[in-house]
Amino acid sequence: MKKKDHLSIFKRNVPHSTAILQKSTVGIAGCGGLGSNAAVALTRAGIGGLILADYDRVEESNLNRQHYFQKDIGKIKVDALAEHLRAINPNIIINPAVIKLSPEKIAEVFKEADLLIEGFDKAESKRWLIESWSSAYPDRAIICGSGLAGIGRTNSLKVHSSGNVYICGDEESNSSMGLCSSRVSIVACMQANVAIELLNRSGEK
Amino acid sequence: MIIVNNRDKLEWEKGMTVQNVLDKMRYNYSLITVTVDGKLIPANEYDSYTLEDNSDVNVFHLAHGG
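Those protein sequences? They're chains A and B, same order as listed. Residue numbers for the first sequence follow the working numbering, so the first one is 1 and each next one is one higher. Residue numbers for the second sequence follow the working numbering, so the first one is 1 and each next one is one higher.
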């Protein structure tokens, strides 16, 4: 029996973007508020492959902002997220990495990724991720979230970039203020939006 | 002249390091990452990485949350 191609999912996409995205693979370092929501946006946009890396399990307190459900509580995040993404597009290629990431593992785990989306919680971890990725793959972009806490202040959210480093957020607010689903999701979708733009730009060359 | 974050201007001095720029700009965020002319500079090189005149420096603040 012929496998259904499911490409009709993408028939309302921006013309020509689907073919480029279908050939692309994005790495997601951390599948929490940033990573899970960015992964959903990329899947709906038509990304061909995702490398999902996280070692955590879903907790109830994640549900205020992360793309998980009550039935996922206790599951490995990468497994639960892969299931949700395949429920959108059964043909997406997902490489799961249930692993606690550290600087020396980045190059190997994400070697097939065209670019990397950062989804860590701690600022210190964001820094070593940027440093290790830029050292291993200076020609590939890393797209981070920084400053996504609190409520409102939509106008303060921006993309600050230089070279292959892209930072989405307000670069100020931190999680001690508390995290609100809409603001976290905006920043996650800004990350996905930058990724889609970069992949299309390089795919047109 | 050094341009910081596409906005601020700083007089260039011979031998100026990334750390000198951070001090002069009074960046007091505990966690930052820095690029010079689009190249990521690791934190352990801020004291030793010297800038050419007309360098384009970007200082990104990294805040907790994800």
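Please keep in mind that the hints were generated in silico from the structure rather than gathered at the bench. Possibly wrong hints are sitting among the right ones.
Computed spacing ranges between beta-carbons, pair by pair [unchecked claim]: (1) A:I151 x B:S30: 19 to 27 Å; (2) A:E204 x B:T50: 46 to 54 Å; (3) B:S30 x A:S156: 36 to 44 Å; (4) B:E13 x A:D121: 35 to 43 Å; (5) A:L63 x B:E13: 47 to 55 Å.
DSS-like mimics (lysine-lysine), calculated; alpha carbons at most 30 Å apart, straight line [what the hints assert, rightly or not]: (6) A:K71 x B:K39; (7) B:K14 x A:K158; (8) B:K14 x A:K122; (9) A:K100 x B:K39; (10) B:K24 x A:K158; (11) A:K105 x A:K75.
Treat the numbers as computed from the prediction; the structure is a model and nothing was measured. Glycine included, every Cβ here is placed at the ideal spot set by N, Cα and C.
Do the hints match the structure? See the list:
Restraint check, A:I151 to B:S30: a C-beta distance of roughly 24 Å satisfies the suggested window 19 to 27 Å. In this structure the hint that A:E204 and B:T50 lie 46 to 54 Å apart at CB is violated, the actual value being about 38 Å. One distance hint, 36 to 44 Å for the beta-carbon pair B:S30 and A:S156, is violated here, with the actual separation near 20 Å. About 39 Å separates the C-beta atoms of B:E13 and A:D121, a value consistent with the hinted range of 35 to 43 Å.
Separation of A:L63 from B:E13 is about 53 Å and conforms to the stated range, judged on CB atoms against 47 to 55 Å. Distance restraint check for A:K71 and B:K39: the Cα-Cα separation of roughly 44 Å exceeds the 30 Å cut-off, and the hinted pair is therefore not satisfied. The hinted pair formed by B:K14 and A:K158 fails the criterion: a straight-line CA distance of about 34 Å is larger than 30 Å. Distance hint between B:K14 and A:K122 is unfulfilled; the C-alpha atoms sit about 36 Å from each other, more than 30 Å.
Pair hint A:K100 plus B:K39 holds up; C-alpha atoms about 27 Å apart against a cutoff of 30 Å. In summary, the hint linking B:K24 to A:K158 is supported, as the alpha carbons are separated by about 25 Å, within the 30 Å threshold. With a C-alpha separation of about 23 Å, the suggested pair A:K105 and A:K75 falls inside the 30 Å cut-off, and the hint holds.
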